[in-house]
Structures are given as structure tokens and as C-alpha cells.
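Residue numbers (my numbering), protein chains in the order written: chain C, 1 to 427; chain Y, 1 to 154.
FYI, nobody ran anything at the bench for these hints, they're computed from the structure.
In this text, all values refer to a predicted model and were calculated from it rather than measured experimentally.
Just so you know, not all the hints are guaranteed correct.
[What the hints assert, rightly or not] Pairs of lysine to aspartate or glutamate, DMTMM-like flavour, derived with a Cα cap of 25 angstroms: (1) Lys122/Y - Glu47/C; (2) Lys184/C - Asp84/Y; (3) Lys151/Y - Asp132/C; (4) Lys122/Y - Asp106/Y; (5) Lys277/C - Asp84/Y; (6) Lys98/C - Asp130/Y; (7) Lys331/C - Asp301/C; (8) Lys13/Y - Glu40/Y; (9) Lys131/Y - Asp159/C; (10) Lys12/Y - Glu3/C; (11) Lys8/Y - Glu161/C; (12) Lys14/Y - Glu97/C; (13) Lys184/C - Glu102/Y; (14) Lys117/C - Glu161/C; (15) Lys26/C - Glu182/C; (16) Lys13/Y - Glu3/C; (17) Lys69/Y - Glu29/Y; (18) Lys142/Y - Glu152/Y; (19) Lys263/C - Asp38/C; (20) Lys12/Y - Glu267/C.
One-letter residues, chain by chain:
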Amino acid sequence: MLEMKLVSKRFGLIDPYSIDDFIANKGYQALKKALKADKLDLLDEIENSKLRGRGGAGFPVAIKIMALAKEISQPKYVICNADEGEPGNFKDRYILEKDPHSIIEGMLIAAYMTNAKTGYIYIRGEYSLQIDIMKNAIKQAREKNYLGEAILGTDFSFDLEVRSGAGSYVCGEEFALLESLEGKAGRTRVKPPFPTSRGLFNKPTLINNVETFATLPVIIDIGGKEYAKIGTASSTGTKLISISGNVLKKGVYEVPFGISMRKIINELGGGVENGRKIRMVQLGGECGPIIPEYMLDMVIDFERFEEFESKTGAGALIVIDDRFDFFEILKRISEFFTHESCGKCIPCREGNYHLLKIIDRFVNYCATEKDMNLLENTAMVLHHTSLCGLGQSAPTAIISALHYFRGTFQKRIEASLSQEDRIYAKN
Amino acid sequence: MILAEVLKRFPKKKEYLIEILLEYQKQKETHHFEEHELKEIANYLNIPESRVCSVVGFYTFFSTEPRGKYIFQICRDLPCQLNDNFDLLSSIQMILGIKVGETTQDGLFTLEYTSCLGHCDKSPAIRVNDKIHGSLSLNKLKAIVAECKEKENA
Numbered sequence: 001m002l003e004m005k006l007v008s009k010r011f012g013l014i015d016p017y018s019i020d021d022f023i024a025n026k027g028y029q030a031l032k033k034a035l036k037a038d039k040l041d042l043l044d045e046i047e048n049s050k051l052r053g054r055g056g057a058g059f060p061v062a063i064k065i066m067a068l069a070k071e072i073s074q075p076k077y078v079i080c081n082a083d084e085g086e087p088g089n090f091k092d093r094y095i096l097e098k099d100p101h102s103i104i105e106g107m108l109i110a111a112y113m114t115n116a117k118t119g120y121i122y123i124r125g126e127y128s129l130q131i132d133i134m135k136n137a138i139k140q141a142r143e144k145n146y147l148g149e150a151i152l153g154t155d156f157s158f159d160l161e162v163r164s165g166a167g168s169y170v171c172g173e174e175f176a177l178l179e180s181l182e183g184k185a186g187r188t189r190v191k192p193p194f195p196t197s198r199g200l201f202n203k204p205t206l207i208n209n210v211e212t213f214a215t216l217p218v219i220i221d222i223g224g225k226e227y228a229k230i231g232t233a234s235s236t237g238t239k240l241i242s243i244s245g246n247v248l249k250k251g252v253y254e255v256p257f258g259i260s261m262r263k264i265i266n267e268l269g270g271g272v273e274n275g276r277k278i279r280m281v282q283l284g285g286e287c288g289p290i291i292p293e294y295m296l297d298m299v300i301d302f303e304r305f306e307e308f309e310s311k312t313g314a315g316a317l318i319v320i321d322d323r324f325d326f327f328e329i330l331k332r333i334s335e336f337f338t339h340e341s342c343g344k345c346i347p348c349r350e351g352n353y354h355l356l357k358i359i360d361r362f363v364n365y366c367a368t369e370k371d372m373n374l375l376e377n378t379a380m381v382l383h384h385t386s387l388c389g390l391g392q393s394a395p396t397a398i399i400s401a402l403h404y405f406r407g408t409f410q411k412r413i414e415a416s417l418s419q420e421d422r423i424y425a426k427n
Numbered sequence: 001m002i003l004a005e006v007l008k009r010f011p012k013k014k015e016y017l018i019e020i021l022l023e024y025q026k027q028k029e030t031h032h033f034e035e036h037e038l039k040e041i042a043n044y045l046n047i048p049e050s051r052v053c054s055v056v057g058f059y060t061f062f063s064t065e066p067r068g069k070y071i072f073q074i075c076r077d078l079p080c081q082l083n084d085n086f087d088l089l090s091s092i093q094m095i096l097g098i099k100v101g102e103t104t105q106d107g108l109f110t111l112e113y114t115s116c117l118g119h120c121d122k123s124p125a126i127r128v129n130d131k132i133h134g135s136l137s138l139n140k141l142k143a144i145v146a147e148c149k150e151k152e153n154a
């Protein structure tokens, strides 16, 4: 069995609008266990699990929780980042619409460990149905005293609110998200200070991805050490993978870390259409690297992905078969980032625009050797000098493409030259 | 719906600005804001009008131009593009008779681009107001438009 359902164990088995269904399927058991335990022991469990953030950056979760727990001042906030805007990613949507209470349970456990009283779930505005499901889940949890004052007869109180995004990719970046929660345009802040010391309304804040919170009950349930046995040494546990593009069975699949991408694409994703060949795969979404087919034996693992110097841990695989023009694909990616850049820092605002212009010359067969160097330089400046993750990862696809598909660029330049000759000859 | 009624439902705290804007725009048939409305919201929250405008200008959901009753948003990101086998964009432009960024003369339909809708497992996908339609084919697309028109005639 390739799949291993821990976070997704209830998917499709329960009615997302029914808290009773959730409770009947071992729901809120981990919370009850946690409320009886010592907070430091719980922190140990999370630390032993070696859980890393599931939103893409892969930051150790225990360090963040510990940092918030140490802050004495109140209020403190626990925020769930459900602004899943990265093209090719839809695994958070699956959790939101198939098992909403697992997110609430995870947030409650995090809030209990850190003494936070207030929480927000920031869901992207495009997910109207999921916002509705989540609001209903919160209402039901309140009615049954899983949220609110003196939860389940203890002295622990915590309440939660859903907030909607309004169509902005950059708001998935943690500081942009906080700005948006404060009712402002989603433009990031300079860090440090990090959110755990100065986050929402300048108060200590824990921000984690949907999947990260949904994993916490699993860890409390089976124990941190047991959880760490799953996966690989550097990446423990399971990961929800979103497979899209030219595969037969697009969808979300939960697998333990350490499985090769080829296996996931062929055995879970059903492979590509008969007679087609995989040309390349983009990892993590449009902010991730593009790799050629022969690299698919690489396993899903944070350390392996970090070699690309990019935040690809969100677990998306966009499979691209041999029908598509390489440069059209790069152009689409570039257009996306040009549109979504918030405009606060210059490298990202201007750089993406210039990358798009250069790529466009490749698309239109009028690129030269100079364009290739310019593309490489601009991409590296963007990667090294942008303020937030958006600008830093925007050129990843281009940088990786220049690395693995250099021949394709060369060929296009040669084709461009001969086309120029033809035009010249005509005149 | 009158703006005052929407405002009443929210606390006078500036962090509710986006929620207020979303709610009011949804209620309005033209899905857009007029200048005096933005002023009223700014007054209610006791913030400068420029702050309201910066938010309206930043987020793609908000518009200061009148739009159609049904807003068709076309996803043009990679996963949808890879699964588009009937030229979704040209098809919808032909069916509605407008180009991206335009509104039909009867004020019924607006066509817009959107970034990824997060429904890549059902690509190609579009969003019509609050609803996402996935795994589109030409026939399905025609049916969606027909359904909107039927609702109007009913």
C-alpha cells in the first residue's frame, strides 16, 4: 500500500456538516487526552514527532509552538493559514471540506499548549463552500463546548473565527496574511521580529498551515515517537500530495515521506494518457522547480527538496506531458507572479515584469544569447534580494529550467537566429 | 441592500474592513463600489478614506467599475491550461459575446481572469459568483450560461 491515511483517515467517511459524525469517528479524542496531560509533556510529544510545517517552508513546528508558549504577555493568537493560493495545490481544501473539525481540534491543542485564547482561520475568498463548512463546524463546536469558555469543564478557554481573503496570492505569506487579518492590503513586513514575538496586532502569534494543525491530533493520539517512525529521518510522518496536470487520476493522496515521485504519479495519479510521455514535472506549485522526467525517482523529502533552494514542501506535483511548448509554460508562470507581486519591494515588482519580457522573447523566437544571461541574472537577483517568499521563489521555475533544460534554451536561440535570417532574406 | 444595514452587522473595528467590503459587494447586483459608499465605510470605521481605497485597489475581488450580475472568472494557471482541450477562453468569449474585462450590455455577465481557484483536480475550472464549476467541457459551459439566463427569465 502506497497510501497511508492518518490526516485523511476520515475523508469521505463522515458528513463534514455533522460534528456527531466526527465525534463518532474518534473525533476530539486527542483534545480530551491533551487536556488531561501536562503542557510540557505535550510539547515533548510534538518535539519528538519532529513535525515540520506543511505549508511549504517546512519549519520545525515544535520550535514555533515553544516560542509562543514562552511569551508571557496576553493576548496571544493561534492562526490557521488556509490561504491556499499556490497553483496546483488543493490539499488544504480537501481537509477543509472533508474533515473541518480536525483543524479545530489541532488549533485547540496548539492553543492549550501555548495559553492562547483567540484564533483565526484565514481562508482564501475563492473557497466559498469551504468557508461555509468551516463556519458551520465552529458553530457546532461552540454548541458542544469544544470552543468557548471553560472547554469541557476545564479552565481552558479558546474561541475561533473564520476570516475570508479577497483574492490575493501573497496573503498566504505569513506577514501579508496578518496585514490582511488586520484589515489592510496584504503587503508583507520586514522580519525579524517573527510572528511568534510580534504577529497579529503586534502580539505573539502562531501561524501554521491547515495540514500542520490537522496533524497535531494524530501525533497526540499515537505519540510523538511513534509518529517519527513514519517517513524518513529528516522528514517524519505523512504528507498530503496534490497531483494535477496531465495525469489520469488527479487528486489528493496521503503518503509517508520517502516515496518516489514516479511511484506517486504512476500508481496513485494513474500516469499520463496512453501514448503520451511526461516531459517535466513542477514541484510544489508554480513557485517550485521544474524537473525533467529522469529525475522522478527522487523521493518526497524536505532535505531532497531543499537542494533546489526553494520552498517546495507543500506537496504538489504538476505533471506536464509532451504536448506543450516549454516556453509557453514558463510564460504562464511568469505572468502569474507579475500579477501577484504585491509591489512593496523593488526586486519582485520590477524583476517579475522583466523576466516576463525576456521569456516572451523566447516564446516569439526572437531571443539571443544575451537574453539567456539576462534571464539568469535577473532571476538570481530576484531570488536573493526579494523581501518575502513570493519574490524569492518566483524565479525558481526559471532557475531550475535553465539548469535542467539549458539545451532547450540554446535550441530556441538558434531557431530565433535562423528565423531572423529568413526575415532578413525576405526583405 | 442598503450599506447601513450591512454595516450594522459588523463591529466598529477597522480589522473588519475586508469583511464589510466582501459582504456588501456580494449583496450588490452590480458587484462594485461607488465613491460615496467607500466614504461611508471609512466614516463608520473611523479610518481615512485612503485606507479603504488602498484595500479596494489591492484585492482582486473588489471593483470600482459596475460589473454584471454573474461574474465569470476564468482560471488561467498551469493546471487548468494543461487540461484545457477545447480552448475555454475563446469558447466563453464566444458564448457570452464579450472579451475578458467586459460586461454584456444587459448587465448580466462579466468576464474576468482569476488566479488559480484551487480546484486543479477538476480542471479546467471557472468560478461564477460564489460557485466553482469544474471538469468543464464545451457543453457544460453552455449549460452554465443557459442556467443563468433561465434564472433571469423565471
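Hint check:
With a CA separation close to 37 angstroms, the supplied pair lysine 122/Y and glutamate 47/C exceeds the 25 angstroms bound. Among the hinted pairs, lysine 184/C with aspartate 84/Y is inconsistent with the structure: their alpha-carbon atoms are about 36 angstroms apart, more than 25 angstroms. Taken as a hint, the lysine 151/Y and aspartate 132/C pair is honoured in the structure, with Cα atoms around 23 angstroms apart against an allowance of 25 angstroms. A C-alpha spacing of about 31 angstroms is found between lysine 122/Y and aspartate 106/Y, which places the hinted pair above 25 angstroms, so the restraint is violated.
With a CA separation close to 18 angstroms, the supplied pair lysine 277/C and aspartate 84/Y stays within the 25 angstroms bound. The suggested pairing of lysine 98/C with aspartate 130/Y holds, with an alpha-carbon distance near 19 angstroms, which does not exceed 25 angstroms. This hinted pair does not check out: lysine 331/C and aspartate 301/C have alpha carbons roughly 28 angstroms apart, beyond 25 angstroms. Distance hint between lysine 13/Y and glutamate 40/Y is fulfilled; the C-alpha atoms sit about 14 angstroms from each other, no more than 25 angstroms.
The straight-line distance between the Cα atoms of lysine 131/Y and aspartate 159/C is roughly 29 angstroms, outside the 25 angstroms bound, and the hint therefore fails. Pair hint lysine 12/Y plus glutamate 3/C does not hold up; C-alpha atoms about 49 angstroms apart against a cutoff of 25 angstroms. At most 25 angstroms may separate the alpha-carbon atoms for a hinted pair to count; lysine 8/Y and glutamate 161/C meet this at roughly 19 angstroms. For the hint linking lysine 14/Y to glutamate 97/C, the alpha-carbon distance of about 30 angstroms lies beyond 25 angstroms, and the restraint is violated.
Straight-line distance between C-alpha atoms of lysine 184/C and glutamate 102/Y comes to about 28 angstroms, which puts the hinted pair past the 25 angstroms bound. Proximity of lysine 117/C to glutamate 161/C is assessed by CA-CA distance (about 12 angstroms); at most 25 angstroms being required, the pair is judged to hold. Taking the CA atoms of lysine 26/C and glutamate 182/C, the gap is near 36 angstroms; set against the 25 angstroms cutoff, the hint is violated. Restraint check for lysine 13/Y and glutamate 3/C: the C-alpha separation of about 46 angstroms exceeds 25 angstroms, so the hint is violated.
With a C-alpha separation of about 5 angstroms, the suggested pairing of lysine 69/Y with glutamate 29/Y holds against the 25 angstroms cut-off. Of the supplied pair hints, the one linking lysine 142/Y and glutamate 152/Y holds, its CA atoms being roughly 16 angstroms apart against a limit of 25 angstroms. Only pairs whose Cα atoms come within 25 angstroms are accepted, and lysine 263/C paired with aspartate 38/C is rejected, the gap being roughly 41 angstroms. For the suggested pair lysine 12/Y and glutamate 267/C, the alpha carbons sit about 54 angstroms apart, so the restraint of at most 25 angstroms is broken.
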